[in-house]
Amino acid sequence: MGSYIIRRLLQMIPVVILVTMMVFMLLHLTVDPIALLMGGGESLDPEQVAALRAEYGFDKPLIIQYFTWMGHTLTGDLGRSHKTQRPVIDELKDRLPVTLEIGLFSWLFSIIIAIPAGILSAVKRGSIADIAATVITVGGLAVPGFWLGTMLILLFAVQLRWLPPFGFVSVFSNPIEGLKTIALPVISLGVSAAALNMRQIRSSMLEVLVQDYVRTARAKGLKESRVIWLHALKNASLPVITLMGMQIGRLAGGAVVIENLFAIPGMGRLMVTSILASDFPVVQACVLITALMVLFSNLVTDIVYGYVDPRIRYS
Amino acid sequence: MNNKTQSIEIPKSSGSQFWVNTKRLMKIPLAVFGFIVIILIVFCAIFAPLISPYDPNAQSKNYLKPPSSTNLLGTDQLGRDVLTRTIFGSRIALIVSLGAVSLGIVIGVPLGLIAGNSRGWVDEVIMRLMDALLSFPSLIIAIGLVAVLGSTLLNVILAIGIANVPFIARIVRAQALSVREQPYIMASHSIGASSWRVIFRHILPNSMAPVIVQGTLGMAYAILTEAALGFLGLGVPPPTPTWGNMLQFAFPVLDRAAYLSIVPGIAIFLLVLAFNFTGDALRDVLDPRLRGLFR
Chain Y
1 MGSYIIRRLL QMIPVVILVT MMVFMLLHLT VDPIALLMGG GESLDPEQVA ALRAEYGFDK
61 PLIIQYFTWM GHTLTGDLGR SHKTQRPVID ELKDRLPVTL EIGLFSWLFS IIIAIPAGIL
121 SAVKRGSIAD IAATVITVGG LAVPGFWLGT MLILLFAVQL RWLPPFGFVS VFSNPIEGLK
181 TIALPVISLG VSAAALNMRQ IRSSMLEVLV QDYVRTARAK GLKESRVIWL HALKNASLPV
241 ITLMGMQIGR LAGGAVVIEN LFAIPGMGRL MVTSILASDF PVVQACVLIT ALMVLFSNLV
301 TDIVYGYVDP RIRYS
Chain C
316 MNNKTQSIEI PKSSGSQFWV NTKRLMKIPL AVFGFIVIIL IVFCAIFAPL ISPYDPNAQS
376 KNYLKPPSST NLLGTDQLGR DVLTRTIFGS RIALIVSLGA VSLGIVIGVP LGLIAGNSRG
436 WVDEVIMRLM DALLSFPSLI IAIGLVAVLG STLLNVILAI GIANVPFIAR IVRAQALSVR
496 EQPYIMASHS IGASSWRVIF RHILPNSMAP VIVQGTLGMA YAILTEAALG FLGLGVPPPT
556 PTWGNMLQFA FPVLDRAAYL SIVPGIAIFL LVLAFNFTGD ALRDVLDPRL RGLFR
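Residue numbers (the numbering used here), protein chains in the order written: chain Y, 1 to 315; chain C, 316 to 610.
Since the hints were derived computationally from the structure, they do not count as laboratory data. Mixed in with the good hints, there may be bad ones.
As the list claims (entries may be wrong) - Simulated DEER-style distance windows between Cβ atoms:
(1) C:Arg571 with Y:Asp94: 25 to 35 Å
(2) C:Ser510 with Y:Ala219: 47 to 57 Å
(3) Y:Val169 with C:Met341: 48 to 58 Å
(4) C:Gln392 with Y:Thr75: 41 to 51 Å
(5) C:Ser433 with Y:Asp309: 25 to 35 Å
(6) C:Gln497 with Y:Asp90: 51 to 61 Å
(7) C:Phe362 with Y:Arg218: 58 to 68 Å
(8) C:Leu393 with Y:Pro14: 51 to 61 Å
(9) Y:Leu222 with C:Arg516: 23 to 33 Å
Said to hold, decoys possible - Examples of chain Y residues lying across from chain C (beta carbon under 10 Å, computed):
(10) Leu141
(11) Ala157
(12) Val158
(13) Val257
(14) Leu261
(15) Val283
(16) Thr290
The C-beta atom is built at its ideal place from N, Cα and C for all residues, glycine as well.
Okay, chain Y solo, but in the shape it has when bound:
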């Protein structure tokens, strides 16, 4: 297992380097990175521009600039926000935990809904429950999360007045208020992930349930619940683990819209307000952090996968 993890870590290095290069190049897609960094808007006189160019090292070759930027990034220096004048890293420290909390609960929501629903619809194939689950899956994959959120606000906040329409209280500081504020965002964000999981669990369970060893387990006289939860689910879970890991990225992308809809002060909202305020260093840092989070979750997924299925480790 140890050598498998080391191998995966080594394979990740070139990808991490490429990701940092892409994020770095984002700045150089424009004709004048200075204007982008300075937030555009007011025109600077040529002397100032030249001074800034020298200060940021834009007069040096691109490769040198990349290494300088990487050096800063590795030491946690992600630049300074124009809007607040604070270091970007400090902005992120405030915002990232909020996004992680919303993401975590959405992820859990998708799993808690999908596992029982997926199993039920596979075991009772063709039943009303199966048809209902399939309809919800198909709908969940086609509905834009932010629009579902809007409709939930309309129903639960505007009409029924049960839940607040926006804002954020951490579940960890105030569980009751916290659950109330994150309920709608978590459902809006988690629904497409739940739909995907449900579909995957249903189809892998259907495949597994006709296998010989499941028939053997039944023939031995095991209880049906034991056959399903222990024998079948364990083997059906492999593709589901991959899928659940891949969803971290999907959730991170979706969180940007959901945070803006519900006015949640997370990284996604920071990203959009920074774009609208032409605060580019913050945008760049958010893109980088998101990509690194996705890479990290892929690594964890691979490790879990290797742990669950020994064949993966030795291939």
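With chain Y held as given, fit chain C onto it using these hints.
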């Protein structure tokens, strides 16, 4: 439907293959539904000026009027007709998704072919690049690019299209790798066919089915991404009506004029649903083994 497709024999002539597949597709009710919705919305997009009752940007003094006989789906804060704007919004949804998917195919297919046929370091470099691209969620790539390049129609297409490239490249490469090991490829090489001939005669046509399926499902995803960009105020800017920016504009008056938020959302939902149904059906018809290969 899975059982049926497995038992059908594949006819020899490739010309009739298209019709065989079309017939099989037409036996899947959800595919028929998907086709009808797509055709209807494409029709609306093309003939928008002819079928819509008003000009999409014509303002009037009838602010926030609920649906009535003069404005079938009501009016917005500027007195613009919602039905008209929804019809015109289909143009951006279709142009952006079609553009983005085409861009993904135009860049992704050659990359996948090169990677799958060259092995060694070229393959390694291309695939690591694709891995790196895949680690950016597509909405994040889109937001990042639009932030730098500005939100014009072309940039929105570009931003969403880039996110499609790695999916296509991976599928084509996988297909190339598996086709290359087939005996008929060896036979083809042994009678003196050049690598280019093998690529264009055998590998490329064999990759088309999964690319078409991924492209169709990618349309659905691109429509959702475009709508999200529009809702964030980063898509094609107003006054051009897009479903995303209509929803953004409607949100502040949700408590007074809910229909403004309901209508464009249903339009997005229907079109995405239609592409998902069509993509799933195409996959079942073209190659049931492809199940699970797509996002």
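Each hint tested on the structure:
Separated by about 34 Å at the C-beta atoms, Arg571 of chain C and Asp94 of chain Y satisfy the suggested range of 25 to 35 Å. At about 54 Å, the beta-carbon gap between Ser510 of chain C and Ala219 of chain Y stays in the expected band of 47 to 57 Å. Look at Val169 of chain Y against Met341 of chain C: about 53 Å separates their beta carbons, and that is inside 48 to 58 Å. A C-beta distance of roughly 49 Å is found between Gln392 of chain C and Thr75 of chain Y, which places it inside the suggested range of 41 to 51 Å.
Roughly 31 Å separates the CB atoms of Ser433 of chain C and Asp309 of chain Y, a value that falls within the hinted 25 to 35 Å. Range check, Gln497 of chain C to Asp90 of chain Y: about 57 Å between beta-carbon atoms, so the 51 to 61 Å window is met. For the pair Phe362 of chain C and Arg218 of chain Y, the supplied restraint of 58 to 68 Å holds, since their beta-carbon distance comes to about 59 Å. For the hinted restraint 51 to 61 Å between Leu393 of chain C and Pro14 of chain Y, the CB-CB distance of approximately 52 Å keeps it satisfied.
Evaluation of the 23 to 33 Å hint for Leu222 of chain Y and Arg516 of chain C yields a failure: the beta carbon distance comes to about 54 Å. Among the interface hints, the one on Leu141 of chain Y holds; its C-beta lies about 6 Å from the nearest C-beta in chain C, closer than the 10 Å criterion. Among the interface hints, the one on Ala157 of chain Y holds; its C-beta lies about 9 Å from the nearest C-beta in chain C, closer than the 10 Å criterion. Among the interface hints, the one on Val158 of chain Y holds; its C-beta lies about 5 Å from the nearest C-beta in chain C, closer than the 10 Å criterion.
For the restraint placing Val257 of chain Y at the interface with chain C, the shortest Cβ-Cβ distance is roughly 5 Å, inside the 10 Å limit, so the hint holds. A hinted interface residue such as Leu261 of chain Y counts as satisfied when its beta carbon comes closer than 10 Å to some beta carbon of chain C; here the least separation is about 8 Å, so the hint holds. With its C-beta approaching chain C no nearer than about 5 Å, Val283 of chain Y sits inside the 10 Å limit, and its interface hint holds. Of the supplied interface hints, the one on Thr290 of chain Y holds, with its beta-carbon coming within about 5 Å of a beta-carbon of chain C, less than 10 Å.
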